[in-house]
Amino acid sequence: MSLIELLQKQEQSRESYWKNVDYFLSVRLKWRAQMVRHLFHLFPEDSILEVGAGSCQWTSEISEANGNRNPICAATLNKEFYDENNHADFSENIERVHLEDFPGKLSERRFDFIVGYHLLTDENTGAFLIELKKLLKPGGQILFFDTNPWNPYHKIKRIGLKVCSLFKQAGVHESLNRVDLFTLLSESGYVKIKIHPYDFLFPPVPRMLLWPMQNL
Numbered sequence: 279m280s281l282i283e284l285l286q287k288q289e290q291s292r293e294s295y296w297k298n299v300d301y302f303l304s305v306r307l308k309w310r311a312q313m314v315r316h317l318f319h320l321f322p323e324d325s326i327l328e329v330g331a332g333s334c335q336w337t338s339e340i341s342e343a344n345g346n347r348n349p350i351c352a353a354t355l356n357k358e359f360y361d362e363n364n365h366a367d368f369s370e371n372i373e374r375v376h377l378e379d380f381p382g383k384l385s386e387r388r389f390d391f392i393v394g395y396h397l398l399t400d401e402n403t404g405a406f407l408i409e410l411k412k413l414l415k416p417g418g419q420i421l422f423f424d425t426n427p428w429n430p431y432h433k434i435k436r437i438g439l440k441v442c443s444l445f446k447q448a449g450v451h452e453s454l455n456r457v458d459l460f461t462l463l464s465e466s467g468y469v470k471i472k473i474h475p476y477d478f479l480f481p482p483v484p485r486m487l488l489w490p491m492q493n494l
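The sequence shown begins at 279 in our numbering and counts up by one.
Take these hints with a grain of salt, some might be off.
Listed next, the in silico DSSO-like pairs over lysine-lysine satisfying Cα-Cα at most 30 Å (straight line) [to be verified]:
1) 357 x 470
2) 297 x 287
3) 383 x 411
4) 357 x 412
5) 411 x 357
6) 415 x 308
7) 287 x 472
8) 383 x 470
9) 357 x 383
10) 287 x 383
11) 415 x 472
12) 415 x 470
13) 297 x 357
14) 472 x 412
15) 357 x 415
16) 470 x 412
17) 308 x 411
18) 411 x 470
19) 472 x 411
20) 383 x 415
21) 287 x 412
22) 470 x 297
Listed next, with one range per pair, are the computed distances between beta-carbon atoms [unchecked claim]:
23) 465 x 279: 33 to 41 Å
24) 416 x 472: 27 to 35 Å
25) 461 x 366: 35 to 43 Å
26) 365 x 456: 36 to 44 Å
No lab work stands behind these hints: they were computed from the structure.
Idealized CB from N, CA, C, for every residue including glycine.
Please model the entire structure based on the sequences and the hints provided.
Printed below as a string of structure tokens:
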């Protein structure tokens, strides 16, 4: 599969999970948008690229967290998600684009910051990181949120899928562990790399635990 096909698959998988499984989504997106604001220390003129924006739910949260001041390019990879939101009311600082290739029409553009959500896998990360670096301005930064493969629940789920092939999804790729990801980032020319476990409440954790966990 080509890089764009692998990324499209990840975007589809994430959007399906958000829609059908993740009942913590509204809080999760707000918290992670606040993380973007906190880590990037944005000035109003700083530009942001979100790769794999899909339905642009996180895009809107990032924009709102920064007072709708920063220009944000929301790059959607699957045309159905792009078309579904053609008539949605987005803030004027959000530019939606549909990519049929990656980086495609963005290849001549450069951004101060790049963000992504559940896009990295063992199969696409190497090529993806190389292309992302070309889209960064000098001194630019990237921030990606992805599955923590060392999370105990994730480990149990992965073992269960392997043991019970009846429930195993064909073509699902593994997330990279911290060591492998650090190696790929270094080989791609990135510096000042930070990789932190950042687990959040997720199904099947009961909804009732959201409030006490927020206040820890």
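Each hint tested on the structure:
For the hint pairing residue 357 with residue 470, the CA-to-CA distance comes to about 35 Å; that exceeds 30 Å, so the pair is violated. Restraint check for residue 297 and residue 287: satisfied, since their Cα atoms lie roughly 15 Å apart, inside the 30 Å limit. Taking the CA atoms of residue 383 and residue 411, the gap is about 16 Å. The hint holds against a cut of 30 Å. In summary, the hint linking residue 357 to residue 412 is supported, as the alpha carbons are separated by about 24 Å, within the 30 Å threshold.
Annotation: proposed proximity of residue 411 to residue 357 holds, straight-line Cα distance about 25 Å (limit 30 Å). A distance of roughly 26 Å separates the Cα atoms of residue 415 and residue 308; the hinted pair therefore holds under the 30 Å criterion. For the given pair, residue 287 sits about 26 Å from residue 472 by alpha-carbon distance, which is consistent with the 30 Å threshold. At roughly 29 Å between alpha-carbon atoms, residue 383 and residue 470 fall within 30 Å of each other, so this suggested pair holds.
At roughly 15 Å between alpha-carbon atoms, residue 357 and residue 383 fall within 30 Å of each other, so this suggested pair holds. In summary, the hint linking residue 287 to residue 383 is supported, as the alpha carbons are separated by about 20 Å, within the 30 Å threshold. For a cut-off of 30 Å, the pair hint linking residue 415 to residue 472 stands: about 19 Å separates their Cα positions. Distance restraint check for residue 415 and residue 470: the Cα-Cα separation of roughly 15 Å lies within the 30 Å cut-off, and the hinted pair is therefore satisfied.
A C-alpha spacing of about 17 Å is found between residue 297 and residue 357, which places the hinted pair at or below 30 Å, so the restraint holds. Restraint check for residue 472 and residue 412: satisfied, since their Cα atoms lie roughly 20 Å apart, inside the 30 Å limit. Only pairs whose Cα atoms come within 30 Å are accepted, and residue 357 paired with residue 415 is accepted, the gap being roughly 27 Å. Restraint check for residue 470 and residue 412: satisfied, since their Cα atoms lie roughly 17 Å apart, inside the 30 Å limit.
The suggested pairing of residue 308 with residue 411 holds, with an alpha-carbon distance near 26 Å, which does not exceed 30 Å. As the CA atoms of residue 411 and residue 470 are separated by approximately 14 Å, the hinted pair is consistent with the 30 Å bound. Of the supplied pair hints, the one linking residue 472 and residue 411 holds, its CA atoms being roughly 16 Å apart against a limit of 30 Å. For the hint pairing residue 383 with residue 415, the CA-to-CA distance comes to about 17 Å; that is within 30 Å, so the pair holds.
Proximity of residue 287 to residue 412 is assessed by CA-CA distance (about 22 Å); at most 30 Å being required, the pair is judged to hold. For the hint pairing residue 470 with residue 297, the CA-to-CA distance comes to about 35 Å; that exceeds 30 Å, so the pair is violated. For the pair residue 465 and residue 279, the beta carbons lie near 22 Å from each other, so the given range of 33 to 41 Å is not met. Remark: the range hint 27 to 35 Å for residue 416 to residue 472 is contradicted by a beta-carbon distance near 19 Å.
Distance hint check for residue 461 and residue 366: the Cβ-Cβ separation is about 40 Å, which falls inside the suggested range of 35 to 43 Å. Under the hint 36 to 44 Å, the C-beta atoms of residue 365 and residue 456, about 42 Å apart, fit the expected range.
The earlier numbered hints that this structure contradicts are 1, 22, 23 and 24.
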